[in-house]
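Below, each chain spelled out in residue letters.
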Amino acid sequence: MSTGIDVLAILAGQQTMPTDPVRVKAVIDCAARAHLLASLFSHMRPHLGGKALDVAQNASIKAEADARMLAFEAERLQRIFHGTGMRIILLKGAAYVAAQHGFSVGRRVSDIDILVSENDLLAVEKALRGAGFIPHAHAQSVYDQNYYRNYMHELPPLVHKHRRTVIDVHHRLTPRTSRISVDTAAMVAASQPTAGGALYTLAPIDQFLHAALHGLYDNSFDTPLRTSFDLFSLWSVLSAADKADVFCRAAAIGLEVQAHGALDLLCRLGLVDRKSVPARKSVAGALAYARIQSGIGAVLAHGVFSVREHWLRMPMRLLIPHLARKLGLWLREKVQAGRQSHQ
Amino acid sequence: MTVWETRPDDFVRQDFTDVVFLYDRLSGDTHALSPFASALLGLVSEAPKSTSELITMLPQAFGLAADDFPDGAINTWIDELDALGLLRPVGTSA
Amino acid sequence: MTTAPFSSDISRWRRAALRGTLSLELGPFRATLGCDRPSWAALVPHLEALYPTMAASDTPRIGDQNLTVRAPNILRRYLRPQVVGLPGFDLPLVPLPQRLAPLAFEMAWNAAVALDCYRFLILHAAVVRIGDQAVIIAADTGGGKSTLAAALMEAGAILLSDEFALIDAASGNVHPFPRAISLKNESIALFAATRRHYVDTPKGTLGYMPPSRESLSVQATPARIGRLVVPHFGVGKSAQNIPIDPEKAAIRLLRGSPNYHALGEAGFTALMRLVTSAPMHELHYGSTEDGVALVHEVCQ
Numbered sequence: 001m002s003t004g005i006d007v008l009a010i011l012a013g014q015q016t017m018p019t020d021p022v023r024v025k026a027v028i029d030c031a032a033r034a035h036l037l038a039s040l041f042s043h044m045r046p047h048l049g050g051k052a053l054d055v056a057q058n059a060s061i062k063a064e065a066d067a068r069m070l071a072f073e074a075e076r077l078q079r080i081f082h083g084t085g086m087r088i089i090l091l092k093g094a095a096y097v098a099a100q101h102g103f104s105v106g107r108r109v110s111d112i113d114i115l116v117s118e119n120d121l122l123a124v125e126k127a128l129r130g131a132g133f134i135p136h137a138h139a140q141s142v143y144d145q146n147y148y149r150n151y152m153h154e155l156p157p158l159v160h161k162h163r164r165t166v167i168d169v170h171h172r173l174t175p176r177t178s179r180i181s182v183d184t185a186a187m188v189a190a191s192q193p194t195a196g197g198a199l200y201t202l203a204p205i206d207q208f209l210h211a212a213l214h215g216l217y218d219n220s221f222d223t224p225l226r227t228s229f230d231l232f233s234l235w236s237v238l239s240a241a242d243k244a245d246v247f248c249r250a251a252a253i254g255l256e257v258q259a260h261g262a263l264d265l266l267c268r269l270g271l272v273d274r275k276s277v278p279a280r281k282s283v284a285g286a287l288a289y290a291r292i293q294s295g296i297g298a299v300l301a302h303g304v305f306s307v308r309e310h311w312l313r314m315p316m317r318l319l320i321p322h323l324a325r326k327l328g329l330w331l332r333e334k335v336q337a338g339r340q341s342h343q
Numbered sequence: 001m002t003v004w005e006t007r008p009d010d011f012v013r014q015d016f017t018d019v020v021f022l023y024d025r026l027s028g029d030t031h032a033l034s035p036f037a038s039a040l041l042g043l044v045s046e047a048p049k050s051t052s053e054l055i056t057m058l059p060q061a062f063g064l065a066a067d068d069f070p071d072g073a074i075n076t077w078i079d080e081l082d083a084l085g086l087l088r089p090v091g092t093s094a
Numbered sequence: 001m002t003t004a005p006f007s008s009d010i011s012r013w014r015r016a017a018l019r020g021t022l023s024l025e026l027g028p029f030r031a032t033l034g035c036d037r038p039s040w041a042a043l044v045p046h047l048e049a050l051y052p053t054m055a056a057s058d059t060p061r062i063g064d065q066n067l068t069v070r071a072p073n074i075l076r077r078y079l080r081p082q083v084v085g086l087p088g089f090d091l092p093l094v095p096l097p098q099r100l101a102p103l104a105f106e107m108a109w110n111a112a113v114a115l116d117c118y119r120f121l122i123l124h125a126a127v128v129r130i131g132d133q134a135v136i137i138a139a140d141t142g143g144g145k146s147t148l149a150a151a152l153m154e155a156g157a158i159l160l161s162d163e164f165a166l167i168d169a170a171s172g173n174v175h176p177f178p179r180a181i182s183l184k185n186e187s188i189a190l191f192a193a194t195r196r197h198y199v200d201t202p203k204g205t206l207g208y209m210p211p212s213r214e215s216l217s218v219q220a221t222p223a224r225i226g227r228l229v230v231p232h233f234g235v236g237k238s239a240q241n242i243p244i245d246p247e248k249a250a251i252r253l254l255r256g257s258p259n260y261h262a263l264g265e266a267g268f269t270a271l272m273r274l275v276t277s278a279p280m281h282e283l284h285y286g287s288t289e290d291g292v293a294l295v296h297e298v299c300q
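Chains as they are written, first to last, in this note's numbering: chain V, 1 to 343; chain A, 1 to 94; chain E, 1 to 300.
Think of the hints as simulated: they come from the structure by calculation, not from any bench. The structure presented is a predicted model; accordingly, all values stated were derived computationally and were not measured. One should not assume that every hint holds.
Taking lysine to aspartate or glutamate pairs in the EDC-like style, the calculated list, with each CA pair at most 16 Å apart, reads [unchecked claim]: (1) E:248 / E:140; (2) V:51 / E:64; (3) E:248 / A:18.
Every beta carbon over 10 Å from chain A, so not counted as near; a handful from chain E, in silico [unchecked claim]: (4) 20; (5) 34; (6) 38; (7) 41; (8) 94; (9) 216; (10) 290.
Computed Cβ-Cβ distance ranges for the label pairs, DEER-style [to be verified]: (11) A:90 / V:87: 19 to 25 Å; (12) E:55 / V:86: 58 to 64 Å; (13) V:21 / E:132: 36 to 42 Å; (14) E:203 / A:83: 36 to 42 Å; (15) E:155 / A:79: 52 to 58 Å.
Glycine included, each C-beta is placed from N, C-alpha and C at the ideal position.
Input sequences plus hints: build the corresponding full structure.
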């Protein structure tokens, strides 16, 4: 059994922490690499002592700082968009905190993601810039700006000039060029106001489907354990009616394949009983599961996966010039570095 | 005219001679406030106030005349407190 | 699960380091260390000379830090050999020549503490204990914190830390972390106790001075902070002690803290308690003797 699968089972409450110190260390190191340490400890703090308690405290202080950042940035968004009538939908981590999901306790985050209507996009960008957000240093070149605007599904990332928090503004859930066509408008229409009422989150069932899309078919599978834990958690908070409706809703918004992939993965991981959901066996589910396992299977899956991601995100005629340009830049840097070292 | 409110329960303060350190539990930020900025926050903490009320009341709180302050200074401080999330217009909160 | 002094069984620690399961304990921390063969060979004389009594263990255990000292890639293990010290998380690193593996180790442990430790409020400072009170020697560019800490140690103070003040937010006390004092260039010749010298490093010549026996014997005993000093050494300066207001002290200290913001309210409360209970003095001096005398003067 791989350590990653043990970590997920412990997080899901289906397994207890091992007692053998060597296994304990392996589980803790694995959870730390996956940014799940604070989550792992959040429901076992009372049972910890010694060095494990030190490590748990350390992880939870950092995770509390992350949660504070998300809550404050959400408050800032309310202030910035107050009275504009624009619907600002929080995605991913910011949405989980706003919805006060128990599993958001201890979840490490770095960026804030929001979804807005395409018609509002320029007004949203203007308002954010007026409130101190500036283009991120990583995306300041004209080429990068055009790349994001023309081919991707988001504005170039913005960073707050004082707080250094990064915000990604999306107006669709997949790139313009992606072969997956999602009915973003239907998901926006079903979005629900947060407890305060001024911001929105996707409907719970759509949050699960979006996590399936983003986690298994987009580019975020660098952290397979965390993606799996998010999917499991989002699935667990769904009502029985939502669970029964999941493939129907998925078909309606164009995410049926993704719904099967996510549930197939959860079944393979033993987190969901395969008898309880009619999930088809899926390529993405199998690949994701292989990545969580250790050994050669993981290495193969890794390689296959990264090819798939890019292939899904961009048609080949766009992909090749993009890669060629990146390669060209890289080569130029190397050549310059070589020249400098010979001077 | 904007009416301002604040969140006094989120603030932890430590007073020194010419400066107040204010910790904001919501943002996790520590702010160093001048006596004037701190007094503005104090006035709004008592009850929400409009910009014009604050422009009248702040000089009074220090026993000064309104024209002792440079033009626009109080407006600037209000804007800065707004940008830091310490003041906000009534109706923008959750 | 037993530990033994580092100098007691080097071949056992070597096997553990090559497996990545050597653990080393100092002050409140336990670091796990993994090495490749050439890096271990370059590192071990440093550890033997400076940390002979450090508690080591070869069984895999949970640690505060996961450090790796190894070649950046397999080629650089043997061809123009290089070394990097990895702190256990992603950090852009410049490879060093393999002979500087000890530096890579010291830098990796520092980076892991500075950037990934949140259970203490961390200040960039040296700490010594004089009598029953700890004195924080805050770092200021070119101020000479390590030189002053080494001189105070020679004058009878107990070294608690060369690089970080680890402050427990709940009690306000500082926890000792007695790593070797890192001395640069001209400072090295001032101290006969300096053990290891490294020339042509990115920071010039470096020398390390081991913590004293007393330092190591109190490494588990937190100390109450009595004074804050900011050293400003300058050739030809006359000795001068300038008291600093607590609000200015607060700003100076939090500028030198890598984790103040992440600690939230606990960090604010600890910082305010520190600056209102321990007076800060800026110390100007032109000789190390004057510096030591000024510290003793402000501790009265």
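Which of the numbered hints are not met once you compare them with the structure shown?
Violated hints: none; all satisfied.
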